[in-house]
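Protein chains: 2
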Amino acid sequence: MQRTKISKLLEATELDVDIHVKGWVRTKRGNKHVAFIALNDGSSIHSIQIVADPNTIGEDLLKGVSTGASISVFGKLVASQGSGQKVEITAERIEVIGVADPEKYPLQPKKHSLEFLREIAHLRPRTNTFGAIFRIRHAMSYAVHKFFNDKGFYYWHNPFVTGSDAEGAGEMFRVTTLDPTNPPLTEDGKVDYSQDFFGKETNLTVSGQLEGELGALALGEIYTFGPTFRAENSNTTRHLSEFWMIEPEMAFYDLTDNMDLAEEFLQFLCQYALDHCADDLAFLEKRLIDEDKVKPQAERSPMTLTDKLKFVVENPFERLTYTEAIQILSNSKPNKKGKFQFPVEGWGTDLQSEHERYLVEKHFKKPVILTDYPKDIKAFYMRMNEDGNTVGAMDILFPGIGEIVGGSQREERLEVLTSRMAEMGIPEEDMDWYLDTRRFGTAPHSGFGLGFERLMIFVTGLSNIRDVIPFPRTPGSAAF
Amino acid sequence: MQRTKISKLLEATELDVDIHVKGWVRTKRGNKHVAFIALNDGSSIHSIQIVADPNTIGEDLLKGVSTGASISVFGKLVASQGSGQKVEITAERIEVIGVADPEKYPLQPKKHSLEFLREIAHLRPRTNTFGAIFRIRHAMSYAVHKFFNDKGFYYWHNPFVTGSDAEGAGEMFRVTTLDPTNPPLTEDGKVDYSQDFFGKETNLTVSGQLEGELGALALGEIYTFGPTFRAENSNTTRHLSEFWMIEPEMAFYDLTDNMDLAEEFLQFLCQYALDHCADDLAFLEKRLIDEDKVKPQAERSPMTLTDKLKFVVENPFERLTYTEAIQILSNSKPNKKGKFQFPVEGWGTDLQSEHERYLVEKHFKKPVILTDYPKDIKAFYMRMNEDGNTVGAMDILFPGIGEIVGGSQREERLEVLTSRMAEMGIPEEDMDWYLDTRRFGTAPHSGFGLGFERLMIFVTGLSNIRDVIPFPRTPGSAAF
Numbered sequence: 110m111q112r113t114k115i116s117k118l119l120e121a122t123e124l125d126v127d128i129h130v131k132g133w134v135r136t137k138r139g140n141k142h143v144a145f146i147a148l149n150d151g152s153s154i155h156s157i158q159i160v161a162d163p164n165t166i167g168e169d170l171l172k173g174v175s176t177g178a179s180i181s182v183f184g185k186l187v188a189s190q191g192s193g194q195k196v197e198i199t200a201e202r203i204e205v206i207g208v209a210d211p212e213k214y215p216l217q218p219k220k221h222s223l224e225f226l227r228e229i230a231h232l233r234p235r236t237n238t239f240g241a242i243f244r245i246r247h248a249m250s251y252a253v254h255k256f257f258n259d260k261g262f263y264y265w266h267n268p269f270v271t272g273s274d275a276e277g278a279g280e281m282f283r284v285t286t287l288d289p290t291n292p293p294l295t296e297d298g299k300v301d302y303s304q305d306f307f308g309k310e311t312n313l314t315v316s317g318q319l320e321g322e323l324g325a326l327a328l329g330e331i332y333t334f335g336p337t338f339r340a341e342n343s344n345t346t347r348h349l350s351e352f353w354m355i356e357p358e359m360a361f362y363d364l365t366d367n368m369d370l371a372e373e374f375l376q377f378l379c380q381y382a383l384d385h386c387a388d389d390l391a392f393l394e395k396r397l398i399d400e401d402k403v404k405p406q407a408e409r410s411p412m413t414l415t416d417k418l419k420f421v422v423e424n425p426f427e428r429l430t431y432t433e434a435i436q437i438l439s440n441s442k443p444n445k446k447g448k449f450q451f452p453v454e455g456w457g458t459d460l461q462s463e464h465e466r467y468l469v470e471k472h473f474k475k476p477v478i479l480t481d482y483p484k485d486i487k488a489f490y491m492r493m494n495e496d497g498n499t500v501g502a503m504d505i506l507f508p509g510i511g512e513i514v515g516g517s518q519r520e521e522r523l524e525v526l527t528s529r530m531a532e533m534g535i536p537e538e539d540m541d542w543y544l545d546t547r548r549f550g551t552a553p554h555s556g557f558g559l560g561f562e563r564l565m566i567f568v569t570g571l572s573n574i575r576d577v578i579p580f581p582r583t584p585g586s587a588a589f
Numbered sequence: 110m111q112r113t114k115i116s117k118l119l120e121a122t123e124l125d126v127d128i129h130v131k132g133w134v135r136t137k138r139g140n141k142h143v144a145f146i147a148l149n150d151g152s153s154i155h156s157i158q159i160v161a162d163p164n165t166i167g168e169d170l171l172k173g174v175s176t177g178a179s180i181s182v183f184g185k186l187v188a189s190q191g192s193g194q195k196v197e198i199t200a201e202r203i204e205v206i207g208v209a210d211p212e213k214y215p216l217q218p219k220k221h222s223l224e225f226l227r228e229i230a231h232l233r234p235r236t237n238t239f240g241a242i243f244r245i246r247h248a249m250s251y252a253v254h255k256f257f258n259d260k261g262f263y264y265w266h267n268p269f270v271t272g273s274d275a276e277g278a279g280e281m282f283r284v285t286t287l288d289p290t291n292p293p294l295t296e297d298g299k300v301d302y303s304q305d306f307f308g309k310e311t312n313l314t315v316s317g318q319l320e321g322e323l324g325a326l327a328l329g330e331i332y333t334f335g336p337t338f339r340a341e342n343s344n345t346t347r348h349l350s351e352f353w354m355i356e357p358e359m360a361f362y363d364l365t366d367n368m369d370l371a372e373e374f375l376q377f378l379c380q381y382a383l384d385h386c387a388d389d390l391a392f393l394e395k396r397l398i399d400e401d402k403v404k405p406q407a408e409r410s411p412m413t414l415t416d417k418l419k420f421v422v423e424n425p426f427e428r429l430t431y432t433e434a435i436q437i438l439s440n441s442k443p444n445k446k447g448k449f450q451f452p453v454e455g456w457g458t459d460l461q462s463e464h465e466r467y468l469v470e471k472h473f474k475k476p477v478i479l480t481d482y483p484k485d486i487k488a489f490y491m492r493m494n495e496d497g498n499t500v501g502a503m504d505i506l507f508p509g510i511g512e513i514v515g516g517s518q519r520e521e522r523l524e525v526l527t528s529r530m531a532e533m534g535i536p537e538e539d540m541d542w543y544l545d546t547r548r549f550g551t552a553p554h555s556g557f558g559l560g561f562e563r564l565m566i567f568v569t570g571l572s573n574i575r576d577v578i579p580f581p582r583t584p585g586s587a588a589f
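Chains E and H, in that order, are what the protein sequence lines are. For any residue, its number in this note's numbering is found by taking its place in the first sequence, counting from 1, and adding 109. For any residue, its number in this note's numbering is found by taking its place in the second sequence, counting from 1, and adding 109.
The hints are simulated quantities; they were obtained by calculation from the structure and are not laboratory data. Errors might be hidden in some of the hints.
Which copy is meant is left open, so a pair is good if it fits within one copy or across any two.
Dumping the calculated PhoX-like pairs for lysine-lysine here, alpha-carbon to alpha-carbon at most 20 Å [what the hints assert, rightly or not]: (1) Lys260 - Lys117; (2) Lys260 - Lys114; (3) Lys471 - Lys448; (4) Lys471 - Lys445; (5) Lys471 - Lys260; (6) Lys487 - Lys195.
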């Protein structure tokens, strides 16, 4: 008899039918006369209750039905007697497929700290919290692909091992097959990378943007979605050494087109979560409320998970320039009263998360897009504005998190680009391929980047980035 | 006035309306009285014809309208006078956005070899052939996500930098930030990886399967889709150092369930290509026919592109054991007449592509699934059959290409798995996390791997794997 997934059973309308389920035991309780087994197969945050009569099923067999064991259950789907669920299963036969010794299985039914669960990242997807997170992670990934596919964008597969090192987005990991103790050397005592696997020094990509531009300037509208690597020694709750980025890049888009797209994209993602992840969100929302209860007021989430998602979906994003934002912040109460950890000193400084959150949560009470940043705090490829001091950049700011998207119109004018590169000490010869796009059929174009884990933190309410990716890589840690 | 994508215009039914298009010039021909410009914006293999009167548009301006230039065109969409297209644009105003000096732009309108285009991989997406390939690459990627999402699978994000080196699927790339000339050494003169970024030796993943099993044994049904790395010094038309793999992994699936899923998946992908990539496929099909004309009969494609896709969609896959296949091959005409490059020696040898293709193209005239391979030619994690000699593996064979999918039921029995690992010299202590899934709630499960570029070769008819990925990485080559 074909097994049915638990998510399907929980939606079932036809009762008193024979069914077959398989899954893992979350809990077992009861007494000599009846056992209640909560069974989960990963298809839903909800387990289904199995009601088992020890006389029918066998007391000995039920001993093997402990938390973590995998079992196969044949029985009848019936209306539930208890509260909390609509249906349950009256077991007619149970097979224990794989036991889980209660003395050894680490995931016993009690509250585990996120720190402890991080140590057993190979087992934590079996918990309610991480099941919910990783189902949402899937839903958000699919939403990314669906959004761009439906708009006629092409998924563009950039390289991960790269011989290009000019983007300067961060420290890089070297990729090599040279003998580590005894690498070949050149005459002047440096490592001879011409003998390395790729015949040159290669690193893991820090951003696919430059290669993405190559795609956009041929296919029109592309996006990337894949891992990105930064070898920064930052052991914080906001940094990973390996994380996923989404980087759309569009020919013939100016900065306004870029903002319109990014706003529509973020609203689509948040609406998708509301529409497709209601049960998992409800679980995480309750979790967050419980967590917040023991925190001081200042550290609590400004809104519930659902309210945050609706805040994005229902409010048109406020758009203003960096210069306007600096004025607002300079004159703001927290700045005047010295409440910001980093006082706003004036035009030219980079904004901190506390400033970004102030604009979103206190001042505008909407998501905010800041544009036209000082050129000196932005990358070389951003389009120079006519004032000569600012570039056509845009950052999108969200509640609770600050910057979630960073983008810009790209500098399409060859001379402006090369003079900017010279200013910043980026050698033209390394970027010849990139400059070719400006030499031949150049066109205005724009793009932005969304750190996928940043989005996941926003949607799930988890506060440590290590908890929204299955196997986090951080300085000193690469288990599994 | 909002611009319209060319793909939309080509489908337009409303004529004699004002339109605005942007794109890149593919060709310009004509005379003093009229210019015909083929304009492409990447949204379709088809360019739209712009008809420009030099008197209206300006002769000088038209000089800048050369192959590769980007232009903006305002005009009227009208029924086409010529054959080959239904609509064309009568230009009222043209702006040259970015020129492309005909003396320097490498993609002049003439036939370029694939080898030449590989050297300018940053520009080749602007050609018809690579535009078609990369649009199909997008469509196939999206089809992968759609197939699994619609079935309730979760996209599972495995790590790419891995501290695990036990899978043994191939040579690995080291990932490091240690000083290359002067790495820290331990007392016995080896590199002290405890001082490396992750506190241990780390490499790029060769397969996400083992981590995928962790996901499946918690969430039920997962799939991976991302880059995979092999540091093999294989300079062939079938190998890349960086390629994309799709690896679904499913709890409670036996080998038959696994085959059913893989067959349905491959048929879905091929049907999706037929349904969504008709124009690009038609272009590549004609290309392949032209290429084949100059080849000796033996090297020609066994079928056209469309016929190959239909062959997969319309034929239920033939399923037989490796042992049965060896008998068929041993007794086959080409084996008896010495026509195989590698004679079939008998049970226990690995099959070559020529054998696989014989079974598919000549013997069964259907896609073929071979099962139950000798344990000695398969990986340690495949489930041991009762005969003690074979494992529950399955390979799917396609026309023109041979193996396209490899999978197996996984060994879920702890003792069988550990004794197999001992036989093959895989240290248990390195795999403790993997073995935990067999210690706690183990369950029958299965999975398979599809090399995405292998699929792309099948669908596009290109013969060199370097031509189906935007930026190929091969020994000695990592440009861009």
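Evaluation of the provided hints:
1. Lys260 - Lys117: The answer is between: 12 Å across copies meets 20 Å, while 31 Å in one copy does not.
2. Lys260 - Lys114: For Lys260 and Lys114, only the inter-copy Cα distance (11 Å) is at most 20 Å; the intra-copy one is 33 Å.
3. Lys471 - Lys448: Within one copy only: 14 Å inside, 79 Å across.
4. Lys471 - Lys445: within (15 Å within a copy, 83 Å between copies)
5. Lys471 - Lys260: neither (34 Å within a copy, 43 Å between copies)
6. Lys487 - Lys195: neither (55 Å within a copy, 47 Å between copies)
Violation of the numbered hints given earlier is confined to hints 5 and 6; the remaining hints are satisfied by the structure.
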